[in-house]
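Peer 1: Counting from 1, position 118 in the sequence shown corresponds to residue 118 in our numbering; the numbering is continuous, with no gaps.
Per label pair, the in silico range of CB-to-CB distance:
| no. | residue 1 | residue 2 | range |
| --- | --- | --- | --- |
| 1 | 24 | 105 | 29 to 35 angstroms |
| 2 | 72 | 166 | 37 to 43 angstroms |
| 3 | 28 | 118 | 34 to 40 angstroms |
| 4 | 22 | 187 | 30 to 36 angstroms |
| 5 | 73 | 178 | 20 to 26 angstroms |
No farther apart than 16 angstroms at their CA atoms in a straight line, the calculated lysine to aspartate or glutamate pairs in the EDC-like style are these:
| no. | residue 1 | residue 2 |
| --- | --- | --- |
| 6 | 3 | 140 |
| 7 | 3 | 41 |
| 8 | 3 | 118 |
| 9 | 3 | 141 |
| 10 | 3 | 110 |
| 11 | 52 | 94 |
| 12 | 3 | 185 |
| 13 | 115 | 141 |
| 14 | 52 | 21 |
| 15 | 52 | 22 |
| 16 | 115 | 140 |
No lab work stands behind these hints: they were computed from the structure.
Owing to the predicted nature of the structure, the values given are computational and were not obtained by experimental measurement.
For each residue, glycine too, the CB sits at the ideal point set by N, CA and C.
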Amino acid sequence: MRKLIFGMNLTLDGYTAAIGDDIGWSGAPSDELFQWWLDQELAYALTLYGRKLWEAMSSHWPTGDQRPGATPAEVAFARNWRDTPKVVFSSTVDQVGWNTRLVTGDAVAEITRLKAGDGGPMSIGGATLAAAAMRAGLIDEYAIVTHPVLVGGGTPFFTALDGWVNLNLVETRTFPGGVVLTRYETRR
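Could you build all of it, start to finish, from the sequences and the hints given here?
Peer 2: Structural data, given as structure tokens:
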């Protein structure tokens, strides 16, 4: 069975985006944090996206390696982003590119099918899509990159659940600017 990892940047009060889908609170990542995200992305065999995150990523990374001043890590990230197979879950997106498949039906059923298959680890991105997988008990690991800012509302990283989910701490790490990574595995 494939492993499913949900990781995103979030505020100290638990939001992936402030009200109005504003992600400006995170600022540019330090070189060290960007390298950590690149290392994570290089390890994924498949990336699952909700519509909003897909639109953000696909508006930048297809040509991210061609932008003036792109760092070697940004070049590597852009190339890996294009090459890694992706699945976008949306009922409003009508076409995708860059090694991507579109799913318009039941996201939980498709994620369950993908997890049961062979292959390397998968990441899931986008709070709404991840919330559905979280409620279905499909997430195996959480990578929480907490930024020292409070925004007071917006899109939460965690969704309301019907029951408890017990976790084991796997890693903690501090990056420049007081950004803290915590990784947890789901206890099964």
